[in-house]
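I would like the entire structure built from these sequences, with the hints used as guidance.
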Amino acid sequence: MTYQELVSKLKNTYQEKDASKISEHLAIQFNIQGEAEGALYLEIANGQLHVEPYEYYDRDILVTTSAADLLALAQGSLDILEAYQSGKISAEGNLAKALLLNEIVTGSSEAPAPAESALVEAPSPAESATVETPAGENTPAAKPSVKAPRMSRKKNRKRHK
Numbered sequence: 006m007t008y009q010e011l012v013s014k015l016k017n018t019y020q021e022k023d024a025s026k027i028s029e030h031l032a033i034q035f036n037i038q039g040e041a042e043g044a045l046y047l048e049i050a051n052g053q054l055h056v057e058p059y060e061y062y063d064r065d066i067l068v069t070t071s072a073a074d075l076l077a078l079a080q081g082s083l084d085i086l087e088a089y090q091s092g093k094i095s096a097e098g099n100l101a102k103a104l105l106l107n108e109i110v111t112g113s114s115e116a117p118a119p120a121e122s123a124l125v126e127a128p129s130p131a132e133s134a135t136v137e138t139p140a141g142e143n144t145p146a147a148k149p150s151v152k153a154p155r156m157s158r159k160k161n162r163k164r165h166k
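Just so we're on the same page, our numbering is the position in the sequence shown counted from 1, plus 5.
Note that these hints are calculated values from the structure, not bench results.
Just so we're clear, the structure is a prediction, and the values are computed from it rather than from any experiment.
Any given hint might turn out to be false.
Stated by the list, open to error - Each computed EDC-like pair below joins lysine to aspartate or glutamate, with the alpha-carbon atoms no more than 16 Å apart: (1) K22 - E42; (2) K14 - E57; (3) K102 - D84; (4) K16 - E48; (5) K102 - D65; (6) K26 - E57; (7) K102 - E48.
What the hints assert, rightly or not - Derived CB-CB ranges, DEER-like: (8) S13 - Q53: 11 to 21 Å; (9) E29 - M6: 24 to 34 Å; (10) T111 - Q53: 13 to 23 Å; (11) S25 - G92: 29 to 39 Å; (12) G92 - E40: 16 to 26 Å; (13) E21 - A50: 10 to 20 Å; (14) N99 - K26: 16 to 26 Å; (15) E10 - G81: 13 to 23 Å.
Ideal Cβ placement from N, Cα and C applies to all residues, glycine included.
Take a look at the structure:
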C-alpha cells in the first residue's frame with residue numbers, strides 16, 4: 006500500500022463517521038512507520054472531521070504507528086487504549102483527547118472499560134498488618150527497615166600554614 010492509498014482509505018473510512026457530537030477541537034497527527042511511511046492528521050473542528058496528508062504542528066497528540074494498525078483503529082477493530090497499552094502505537098501529548106477517537110469510531114461516548122489484567126486490588130490495612138506464621142498464628146508484620154542514604158557534607162575547615 007502506498008502513502009496516497011492509505012490517506013484515501015482513511016478519508017473514506019472517516020467520512021462515514023459522525024463527529025457532530027464532539028464539541029471540542031481535536032487534532033491528532035499520525036506518523037506512519039514502515040509501509041506507507043509519512044505523516045497525516047485527523048482534525049475535528051465544529052463537528053466536522055477532516056483527514057489530510059500533512060503534518061499538524063499545533064496538534065493535541067502525536068501518534069506513531071504502522072499503516073495496518075492505523076487502519077484497524079479507523080475501522081474500530083483496534084481500540085486506541087489497547088493499542089497504546091500493547092505498544093502497537095506510541096503517543097505523546099494529551100492522551101485523554103485520544104479517547105475521543107474511540108467515540109468517533111464506535112459512536113459511543115462511554116470510556117472503554119479497563120482490562121481485567123490492569124486492575125490490581127491493594128490489600129486492606131488489616132490484611133497487611135498481620136502475617137500468618139507456619140504454626141497458624143497471626144503476628145504483627147515487621148516493618149521494613151529502610152535507611153535513607155547519608156548525604157555527605159563538606160566541612161569548612163581552615164587550613165593553617
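Going through the hints against the structure:
| no. | hint | verdict |
| --- | --- | --- |
| 1 | K22 - E42 | 24 Å, violated |
| 2 | K14 - E57 | 12 Å, holds |
| 3 | K102 - D84 | 14 Å, holds |
| 4 | K16 - E48 | 12 Å, holds |
| 5 | K102 - D65 | 7 Å, holds |
| 6 | K26 - E57 | 21 Å, violated |
| 7 | K102 - E48 | 12 Å, holds |
| 8 | S13 - Q53: 11 to 21 Å | 19 Å, holds |
| 9 | E29 - M6: 24 to 34 Å | 32 Å, holds |
| 10 | T111 - Q53: 13 to 23 Å | 19 Å, holds |
| 11 | S25 - G92: 29 to 39 Å | 33 Å, holds |
| 12 | G92 - E40: 16 to 26 Å | 18 Å, holds |
| 13 | E21 - A50: 10 to 20 Å | 18 Å, holds |
| 14 | N99 - K26: 16 to 26 Å | 19 Å, holds |
| 15 | E10 - G81: 13 to 23 Å | 20 Å, holds |
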